[in-house]
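Take a look at the letters that make up each chain.
Protein chains: 2
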Amino acid sequence: MSTEVVDSSPAVNLVTQHVAHPLAPLTGDEITRAAELMRSVWPSNTDLHFKSITLEEPPKAEVLPFLEAEHNGQSAPSIARKAFINYYLRSTNKFHEGIVNLSSNKIESNVRLGPNVHANGDAEEIVAIEKVALEDEAVQAEIAKLQLPKGTVVISDPWIYGSDGINDDDRMYQCFLYMRDPLNPDEADSNHYALPLNISPVVSTETMKVIRVDLLPTGADNTTSETRPYKIKPPNEYIPEYQELRTDLKPLNVVQPDGGSFQVTQQGTSHVIEWQKWQFRVGFNQREGMVLYDVRYAGRELFYRMALSDMNIPYADPRHPYHKKAAFDLGDAGAGLMANNLKLGCDCLGSIYYLDGVISTDKGGAVTMENCICIHEQDAGIGWKHTNYRTGRAAVVRSRELVLQSIITVSNYEYILAFIFNQAGEVMYEVRATGILSTQPIDEGVSVDFGTVVHPGVLAVHHQHIFSLRIDPAIDGQNNRLVYDEARPMPRSDFNPHGVGYVSNETVIEKSGGYDLDFDANRVFKIQNAAIRNPVNNKPVAYKIMAPAFQKMLADRDSYHFKRAEFADHNIYVTKYQDGELYAGGKYTNQSRGGTGVRSWADRKDDIVDEDIVVFVQFGINHIPRIEDFPVMPCEILKVALKPVNFFERNPALDVPPSEQRINQSALLSETHAQPSVEGKIGEKGEVCCSSKL
Amino acid sequence: MSTEVVDSSPAVNLVTQHVAHPLAPLTGDEITRAAELMRSVWPSNTDLHFKSITLEEPPKAEVLPFLEAEHNGQSAPSIARKAFINYYLRSTNKFHEGIVNLSSNKIESNVRLGPNVHANGDAEEIVAIEKVALEDEAVQAEIAKLQLPKGTVVISDPWIYGSDGINDDDRMYQCFLYMRDPLNPDEADSNHYALPLNISPVVSTETMKVIRVDLLPTGADNTTSETRPYKIKPPNEYIPEYQELRTDLKPLNVVQPDGGSFQVTQQGTSHVIEWQKWQFRVGFNQREGMVLYDVRYAGRELFYRMALSDMNIPYADPRHPYHKKAAFDLGDAGAGLMANNLKLGCDCLGSIYYLDGVISTDKGGAVTMENCICIHEQDAGIGWKHTNYRTGRAAVVRSRELVLQSIITVSNYEYILAFIFNQAGEVMYEVRATGILSTQPIDEGVSVDFGTVVHPGVLAVHHQHIFSLRIDPAIDGQNNRLVYDEARPMPRSDFNPHGVGYVSNETVIEKSGGYDLDFDANRVFKIQNAAIRNPVNNKPVAYKIMAPAFQKMLADRDSYHFKRAEFADHNIYVTKYQDGELYAGGKYTNQSRGGTGVRSWADRKDDIVDEDIVVFVQFGINHIPRIEDFPVMPCEILKVALKPVNFFERNPALDVPPSEQRINQSALLSETHAQPSVEGKIGEKGEVCCSSKL
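Those protein sequences? They're chains L and Y, same order as listed.
Note that UniProt numbering numbers the first sequence so that position 317 is 317, with each residue one more than the last.
Note that UniProt numbering numbers the second sequence so that position 67 is 67, with each residue one more than the last.
Think of the hints as simulated: they come from the structure by calculation, not from any bench.
Be a bit skeptical, because a hint or two may be false.
The list treats identical chains as one, so a pair stands whether inside a single copy or across any two.
What the hints assert, rightly or not - Calculated pairs, DSS-like style, for lysine-lysine (alpha carbon to alpha carbon, straight line, at most 25 Å):
1) 363 with 60
2) 233 with 106
3) 277 with 605
4) 563 with 131
5) 539 with 233
6) 231 with 539
7) 587 with 563
8) 563 with 145
9) 563 with 277
10) 277 with 145
11) 233 with 209
12) 150 with 94
13) 363 with 563
14) 60 with 343
15) 343 with 539
16) 277 with 250
17) 250 with 343
18) 145 with 511
19) 233 with 277
20) 363 with 539
21) 131 with 94
22) 209 with 605
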């Protein structure tokens with residue numbers, strides 16, 4: 001391991017550190033070594049199909065002393081490097097997981113899992129499944145009935161099979177078929193989601209064969225009909241060469257003449273970012289993608305770990321096989337696995353720093369995910385402003401933000417995921433939902449109340465996106481509590497004779513569990529350290545959680561959807577920390593049955609007051625498609641913010657340099673513009689200052 | 001009147017139009033002529049104290065044919081120019097309002113108002129009140145008891161008196177006293193809100209004399225004590241010279257080498273803006289500040305008029321005289337009156353166009369509000385993206401926004417108000433709340449549940465900000481309806497055997513009234529034109545209203561606060577259009593008694609299906625102050641969005657040119673950055689394309 005310090009303007013390289021940080025993702029070398037070690041316990045001809053080889057994070061009890069020593073500049077205790085591995089014996093349903101100690105070169109555990117425990121899809125497998133589905137004879141025969149024009153390209157999108165408890169013990173994929181524009185078959189980027197077909201092959205991953213060909217209902221009810229000759233429908237392309245592009249948009253460039261204001265210190269696969277009093281460590285793994293560790297502001301601890309924990313996208317169509325559509329994009333595939341290579345100048349403006357990640361392949365190799373995280377600053381408008389109307393003097397600062405962004409493509413859909421830091425001590429997690437709706441065929445003239453026709457013959461079914469952000473807090477230390485404030489009217493009394501008074505009261509959450517927002521009560525959850533008091537007002541230091549309202553899972557409580565998405569029924573889950581409890585929907589979400597995620601952990605009813613707690617924040621959208629969301633949808637933006645409450649002694653952004661034209665170099669478009677005098681508005685016709693001088 | 005067309009890059013001037021547009025604000029000349037005409041009906045020595053001289057907007061029935069002719073290039077019917085005027089006979093409580101016809105030089109009406117109808121404060125009056133309060137002998141005597149250091153500067157902030165029904169028929173101001181840092185008395189921009197005093201003079205506007213000196217409660221109960229010698233407390237300054245400023249923030253400039261992408265056509269006091277298929281007219285007046293008229297997209301009508309209609313800020317302290325604090329910043333003063341002169345390069349980045357406004361003075365003159373609106377474009381991140389994982393090709397566009405911004409200073413507080421348009425046919429209204437908390441003295445060691453101690457001796461009381469945005473829609477024409485969608489689980493049945501199905505259903509609102517959001521039902525309000533159908537899916541064209549959740553007014557239903565803020569109890573009010581019903585809290589909010597605002601109009605229970613309707617959207621914050629909000633608060637951002645629903649035939653931003661490095665000119669910070677190959681993530685180790693070619 002080596003350490004490289006990269007200041008974002010003049011590049012400075014240092015090599016000082018030679019031991020991997022305990023929170024550094026596995027290196028390519030560690031991945032391949034772990035795979036070799038695991039292979040070594042099997043007969044030499046055994047073909048292991050690796051699903052994930054990733055850092056087994058050390059127990060927090062080991063990491064904390066390390067971090068303390070690290071931040072104090074003391075020599076840090078040595079912590080064993082370990083890999084978490086899961087794998088199949090290839091082309092069987094024999095699924096295993098184990099821990100490999102890379103420091104001692106020992107297998108610490110290796111067990112077969114199941115039944116009803118299945119691994120995620122991986123890149124190689126998904127490609128293979130597509131092929132199996134399309135090459136199957138029965139599928140080909142069904143496609144033939146469509147009598148498509150010669151040269152038509154049919155596309156297969158494998159979907160995670162989902163769970164309904166009916167003959168679904170084995171691991172399968174449900175494929176949905178589409179075609180490229182049959183009248184333009186050479187266009188490899190034709191939007192096939194505009195041309196869905198009624199044929200849906202099911203493929204077994206054990207046999208890698210089609211085991212069933214479902215025909216899809218295309219009317220208003222749940223009946224299906226024989227595949228009939230296809231009637232040509234218009235395409236609906238999203239790529240620019242098929243658009244009459246706007247010609248009146250002039251360039252807007254973000255120029256940072258002195259580079260960015262952040263510093264990146266690379267320590268092998270791990271990166272420490274420093275920016276505007278913030279410091280944190282960035283990791284990357286197959287499942288969660290970006291992970292932040294050890295987040296501090298001005299040296300004060302805030303969060304031990306933050307990452308998107310899970311997401312679930314249940315669909316509204318109750319008809320077979322659509323009733324099983326409920327994707328867990330992180331657990332079923334992986335935000336790291338699906339991360340885009342972010343091209344310079346397309347996904348961000350300004351001065352950009354890119355990080356690579358390393359993940360495992362199905363053969364036990366390592367692959368570099370190039371540019372899977374981009375780091376840049378952005379201007380977020382005015383940060384704060386006050387004008388003294390007596391003197392006319394305006395004090396104004398702009399809000400600068402630091403963005404760590406990763407973009408994932410989940411077949412048709414895109415998520416733009418970002419951690420955003422600002423100068424007021426706030427951290428935001430932003431999700432932009434974009435990409436292409438998951439579509440299905442619908443007969444002409446039919447409309448249904450569980451979806452929207454977005455193109456002739458194309459139904460986009462309603463669906464929910466429910467995200468779970470895992471926050472492992474360390475507000476001025478590990479022992480925190482979760483509380484909520486509510487505002488309530490004062491009753492009328494001698495103290496409140498006019499009925500206008502109201503109060504804000506705090507309630508301490510005593511037990512782990514699921515809790516909800518209540519906007520009518522202005523309920524605001526705060527993560528608090530009751531042992532540390534604000535020196536000015538003696539209030540406990542805290543960070544509040546600002547999350548938007550959303551409709552919770554609509555599938556009923558007895559449904560598999562509900563049982564599996566263990567986070568989807570509450571705005572907040574809070575648990576007592578246990579090592580390894582990272583994924584709100586459970587460790588294995590593919591064809592899962594529930595009972596292994598955050599709802600189950602919360603059900604321990606642990607005492608959580610002034611303990612090491614973990615908070616899962618849920619947020620989402622119920623996406624009732626509009627035609628404007630097709631063929632590719634304008635970003636729908638969701639944001640969760642964590643903001644200090646009585647943590648600092650004053651506005652932490654007070655020391656941001658003023659916003660000045662000398663620095664900002666803005667341009668004047670209006671000819672009539674006159675620079676203002678230093679007079680205020682109110683008072684400018686009268687006296688400038690109305691203070692009384694004693 | 002002349003017309004000037006200003007393209008935002010090469011300036012082109014045309015002079016073509018010679019008649020004022022019926023929606024153009026009054027010119028300075030029209031204001032002074034109107035004042036003269038009104039003066040002419042009074043004996044020559046009568047001193048009129050003008051409160052407002054502003055455009056009397058013509059009846060919509062007259063304007064619509066004008067707009068139709070205008071957009072069709074036909075000669076438009078002539079519409080009389082009229083001024084709305086209200087005024088006092090100076091130094092009396094005799095308040096009048098009238099209409100002056102400027103085309104015929106006739107007074108059309110002129111009536112005395114009251115009782116209990118009072119005008120807003122104006123710039124000159126507020127300055128005079130400050131002075132009266134500080135120069136009063138009783139006040140001076142009370143200040144003397146504080147035994148402040150020689151040279152200490154005491155500041156008086158006049159507050160609108162508010163209503164409690166107790167001896168408040170006359171028009172008054174309640175002043176709150178503060179001081180600059182007594183140890184640094186020459187600092188004119190010392191933050192006096194950090195040093196509140198316990199003395200509160202009440203001034204009559206009729207006599208311009210102090211009629212009472214209230215002493216403020218400073219403990220936990222409602223008792224007050226004699227003014228005692230002041231114990232020196234530390235200051236808490238916000239201006240930069242008192243901060244140790246950050247030194248590690250590097251410049252970030254927005255450069256638009258070809259200028260902005262918008263065009264401004266000036267027609268006297270009115271401006272037509274064209275940008276990215278949007279077209280609308282901008283007005284400005286004393287009360288509402290910015291007003292948008294005749295908003296169209298690609299030639300299709302969307303909104304007849306949009307403006308912030310009202311806001312109310314009730315405070316939580318029930319003790320006299322604080323129980324009366326409930327500001328209506330628009331009606332009590334005016335967003336136009338308080339608009340900041342926006343300095344180039346401080347309040348926005350990039351290429352900026354500034355508009356001036358014209359408002360009246362208390363003497364019947366006109367004053368130009370320079371740079372009171374700024375117009376610029378901003379980058380809003382990725383607009384939409386999709387990566388074809390089979391070919392690796394990413395299609396991505398950035399979202400460009402057009403911002404019309406106005407910033408108002410209401411004594412201690414600032415609001416940054418903006419209309420934001422994007423390329424996806426969306427309009428947003430954004431409020432950033434910043435500035436300084438309204439503070440009051442509190443004794444050492446005391447804490448209360450209706451406020452937060454933000455500095456030694458300083459209490460910031462909880463308060464609500466409740467805004468009302470008035471939207472006069474014209475979705476493809478004047479006859480619109482308000483409906484709402486809700487998503488509900490399907491019951492279990494043969495059609496929904498797994499309990500996962502759900503539907504979205506629409507409910508039509510039949511009668512004018514107040515309506516509420518329900519996030520648990522995913523209730524979404526839409527303004528719809530049922531007569532115009534989407535050609536693809538036959539759904540009625542609509543715009544949906546996306547407003548954040550907020551806690552409605554906490555003051556009880558019998559309180560004056562509740563009666564006066566007629567919009568504060570519902571997320572949505574909808575009325576049948578009537579000329580002149582612009583201000584949700586009623587025409588005169590100062591010391592108002594209620595009964596004249598939107599709640600009262602809605603109570604007509606008009607039929608509103610496929611009628612000319614008006615929608616008032618409420619949103620807000622219950623501000624429980626944090627110490628981080630002092631001495632000046634980081635912006636708290638609220639956003640209401642109007643988005644097309646089945647209004648277009650596809651994503652209207654599909655024709656935005658792709659985001660390309662060639663245009664964006666971003667800079668690479670990471671040395672290790674490698675440009676990606678054109679391969680997707682999934683599939684890159686296997687086959688690139690898994691489609692089946694027939």
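Hint check results:
1. For a Cα distance limit of 25 Å, the shortest separation of residue 363 from residue 60 qualifies neither inside one copy, at 31 Å, nor across copies, at 72 Å.
2. For the identical chains of this complex, residue 233 and residue 106 are neighbours neither inside a copy (60 Å) nor across copies (65 Å), given an alpha-carbon limit of 25 Å.
3. With identical chains, the CA atoms of residue 277 and residue 605 are never at most 25 Å apart, being 37 Å at best within one copy and 57 Å at best between copies.
4. Taking the shortest alpha-carbon separations for residue 563 and residue 131, neither the intra-copy value of 32 Å nor the inter-copy value of 69 Å comes in at or below 25 Å.
5. Taking CA atoms no more than 25 Å apart as the test, residue 539 paired with residue 233 passes between copies only; the shortest distance there is 20 Å, against 65 Å inside one copy.
6. In the homo-oligomer, the alpha carbons of residue 231 and residue 539 lie at most 25 Å apart only across protomers (24 Å), although the nearest pairing inside one protomer, at 69 Å, exceeds that limit.
7. In the homo-oligomer, the alpha carbons of residue 587 and residue 563 lie at most 25 Å apart inside one protomer (14 Å), although the nearest pairing across protomers, at 55 Å, exceeds that limit.
8. In the homo-oligomer, the alpha carbons of residue 563 and residue 145 never lie at most 25 Å apart, since the shortest distance is 39 Å inside one protomer and 70 Å across protomers.
9. Neither within a single protomer nor between protomers do residue 563 and residue 277 lie at most 25 Å apart by alpha-carbon distance, with minima of 42 Å and 47 Å respectively.
10. In this homomeric assembly, residue 277 and residue 145 never come within 25 Å of each other (Cα to Cα): the closest approach is 65 Å inside a single copy and 45 Å across copies.
11. Within a single copy, residue 233 and residue 209 get their C-alpha atoms no closer than 31 Å, and across copies no closer than 80 Å, so neither meets the 25 Å cut-off.
12. Taking identical chains as interchangeable, the C-alpha atoms of residue 150 and residue 94 are never at most 25 Å apart, the minima being 42 Å within one chain and 87 Å between chains.
13. When the C-alpha separation of residue 363 and residue 563 is checked against a cutoff of 25 Å, the pair qualifies neither within a copy, at 33 Å, nor between copies, at 71 Å.
14. Neither within a single protomer nor between protomers do residue 60 and residue 343 lie at most 25 Å apart by alpha-carbon distance, with minima of 36 Å and 51 Å respectively.
15. Taking the closest pair of Cα atoms, residue 343 and residue 539 never come within 25 Å of each other, the shortest separation being 46 Å inside a single copy and 39 Å across copies.
16. For the homomeric pair residue 277 and residue 250, the shortest alpha-carbon distance between copies (14 Å) is at most 25 Å, but the shortest distance inside one copy (36 Å) is not.
17. In this homomeric assembly, residue 250 and residue 343 come within 25 Å of each other (Cα to Cα) both inside a single copy, at 21 Å, and across copies, at 24 Å.
18. Taking the closest pair of Cα atoms, residue 145 and residue 511 never come within 25 Å of each other, the shortest separation being 60 Å inside a single copy and 54 Å across copies.
19. When the C-alpha separation of residue 233 and residue 277 is checked against a cutoff of 25 Å, the pair qualifies neither within a copy, at 57 Å, nor between copies, at 29 Å.
20. Proximity of residue 363 and residue 539 under a CA criterion of 25 Å is satisfied in neither setting, with 55 Å inside one chain copy and 51 Å between copies.
21. Proximity of residue 131 to residue 94 under the C-alpha cut-off of 25 Å is restricted to the intra-copy arrangement: shortest distance 23 Å within a copy versus 86 Å between copies.
22. In this assembly of identical chains, residue 209 and residue 605 lie within 25 Å of each other by CA distance neither inside one copy nor across copies; the values are 45 Å within and 65 Å between.
Figure legend: structure checked against the earlier numbered hints; hints not met, in rising order: 1, 2, 3, 4, 8, 9, 10, 11, 12, 13, 14, 15, 18, 19, 20 and 22.
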